[in-house]
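Novice: Use these hints to put chain B onto chain A, whose structure you have.
Chain order of the listed sequences is A and B. Heads up: the first sequence at position 158 corresponds to 176 in this note's numbering, and the numbers run straight through without jumps. Heads up: the second sequence at position 203 corresponds to 221 in this note's numbering, and the numbers run straight through without jumps.
Hints should not be assumed to be uniformly reliable.
If several chains are the same, the list does not tell them apart, and a pair holds so long as it fits within one copy or across any two.
Unchecked claim - 25 Å max Cα-Cα, derived BS3-like pairs, lysine-lysine:
(1) 90 with 189
(2) 41 with 150
(3) 189 with 91
(4) 174 with 41
(5) 174 with 129
These are computed hints drawn from the structure, not numbers from a lab. Just so we're clear, the structure is a prediction, and the values are computed from it rather than from any experiment.
2 protein chains.
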Amino acid sequence: MQIFLAHSFSGHGEVLLSPEESKHCVKVLRHKVGHVIDIIDGIGNFYIAELTVADPKQCVARIISQRAVGVKKPYYLHIAISPTKNADRIEWLIEKGTELGVDEFSFVICKRTEKTGTKIERFRKIAESAVKQSIQGVIPKINDGITIKDFIAKEKGSKGKKYIAHCLPIKKTDLKNILNEKEILVLIGPEGDFTEEEIALAQMNGFEALSLGETRLRTETAGLIVAAGFKACV
Amino acid sequence: MQIFLAHSFSGHGEVLLSPEESKHCVKVLRHKVGHVIDIIDGIGNFYIAELTVADPKQCVARIISQRAVGVKKPYYLHIAISPTKNADRIEWLIEKGTELGVDEFSFVICKRTEKTGTKIERFRKIAESAVKQSIQGVIPKINDGITIKDFIAKEKGSKGKKYIAHCLPIKKTDLKNILNEKEILVLIGPEGDFTEEEIALAQMNGFEALSLGETRLRTETAGLIVAAGFKACV
Chain A
19 MQIFLAHSFS GHGEVLLSPE ESKHCVKVLR HKVGHVIDII DGIGNFYIAE
69 LTVADPKQCV ARIISQRAVG VKKPYYLHIA ISPTKNADRI EWLIEKGTEL
119 GVDEFSFVIC KRTEKTGTKI ERFRKIAESA VKQSIQGVIP KINDGITIKD
169 FIAKEKGSKG KKYIAHCLPI KKTDLKNILN EKEILVLIGP EGDFTEEEIA
219 LAQMNGFEAL SLGETRLRTE TAGLIVAAGF KACV
Chain B
19 MQIFLAHSFS GHGEVLLSPE ESKHCVKVLR HKVGHVIDII DGIGNFYIAE
69 LTVADPKQCV ARIISQRAVG VKKPYYLHIA ISPTKNADRI EWLIEKGTEL
119 GVDEFSFVIC KRTEKTGTKI ERFRKIAESA VKQSIQGVIP KINDGITIKD
169 FIAKEKGSKG KKYIAHCLPI KKTDLKNILN EKEILVLIGP EGDFTEEEIA
219 LAQMNGFEAL SLGETRLRTE TAGLIVAAGF KACV
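For reference, chain A alone in the conformation it holds in the complex (with noise of 0.2 Å):
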């Protein structure tokens, strides 16, 4: 199933594509004006739409009928994460934390962080993607890469509930305790661990210590196993 999405409305009923899905449209896929196509807006609408102008620079569509998409989730979940070093294991999650409803992602550079670089426009592109293929109502908010220390001072003043997994042994919070919140951060560190400094600016700024359970889970898994959890219980 090809879906597009929208890049903005005429106001007239219309839509517009993108120079690329515009192109996708017509070179690729071979489109023609008449036809019809779907459409989301990635903020939580559906259209059936037919294609007035089949411009590969530019296509229109008309709306026919629209809908709301995507259930309302009870929570909004930010996954805060340190990149890997292997940038397909981030991408992994991010396609995969999207399919699962994820709202949005930040990317947290530590002292133990092994890649410092982040493709953020290749990751809005995979979390568009997968938002297409999963019918998902809204496309998560991808943040540019900032210093743990930076991201701790940003979130000071944000409402909702703040949870940091590192591995020192200390008393946590297990995660299947926190699914029923409604609106929840949880920051997760590189391979190596948060140092025992940047563990203490988070938990001095309001960020719980949360368990993700006993066995060492890759960086990824670890956003993967928060990003399911919600899911599963919601």
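Specialist: Here is chain B on its own, set in the frame of chain A:
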């Protein structure tokens, strides 16, 4: 951290490595007699052992100490899944599923399965690698490919609860409501879903309909959400 997988035991307090692991031990990692290495046996034990024979065809190590590893899980989870067209996706599921404690994988060929060949040996290597990486106790059982009809017949006498996650809009049990079960089999179909005949056959043979949520999930994501749901709620 380099962990080796034990091939066999001498019966005299010694562990033997496979030819492959031995070659890696001696030729790549350059271990010599007297070096101390970490070994798991894939069935719940972790050993610290001293190399007594550093032969690239067969290494032998004398056990210095051993301990149980992996947390005893209160459940046994068997995921039976239709192999995906893109082998990477199933390989991710095996790697992540193993980290998340899945006990057994079966590959079930349905009418709409797009790829009938399964690289079982490769899947086993991936599972072994994931077990070493996460120092899990137990390597999941990885069964050969089987048709859905034969699989349903094979599981006829099995104890534990059996579920089929299909997309027909009938009344189903929610995943969150089965997370306290102790012995579970979940059957997940191809991207095009099971046929009505396959669903009927399963339901006539003890499989209950399971819902994994309202949004459409890729086959391997469905497997992940089941694995992670149980792991998160243990």
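Novice: Between copies, within a copy, both or neither: which fits residue 174 and residue 41 at Cα up to 25 Å?
Specialist: neither (43 Å within a copy, 52 Å between copies)
Novice: Are the CA atoms of residue 90 and residue 189 at most 25 Å apart within a copy, between copies, both, or neither?
Specialist: between (34 Å within a copy, 20 Å between copies)
Novice: Can you tell me if residue 174 and residue 129 fall within 25 Å by alpha carbon in one copy, between copies, both or neither?
Specialist: within (20 Å within a copy, 53 Å between copies)
Novice: Since the copies are identical, ignore which copy is meant and state whether residue 41 and residue 150 lie within 25 Å (CA to CA) inside a copy, between copies, both or neither.
Specialist: Close inside one copy (17 Å), not across copies (46 Å); limit 25 Å.
Novice: Is it within, between, both or neither when you check residue 189 against residue 91 at 25 Å Cα-Cα?
Specialist: between (30 Å within a copy, 20 Å between copies)
Checked against the numbered hints listed earlier, the structure breaks hint 4 alone; every other hint is satisfied.
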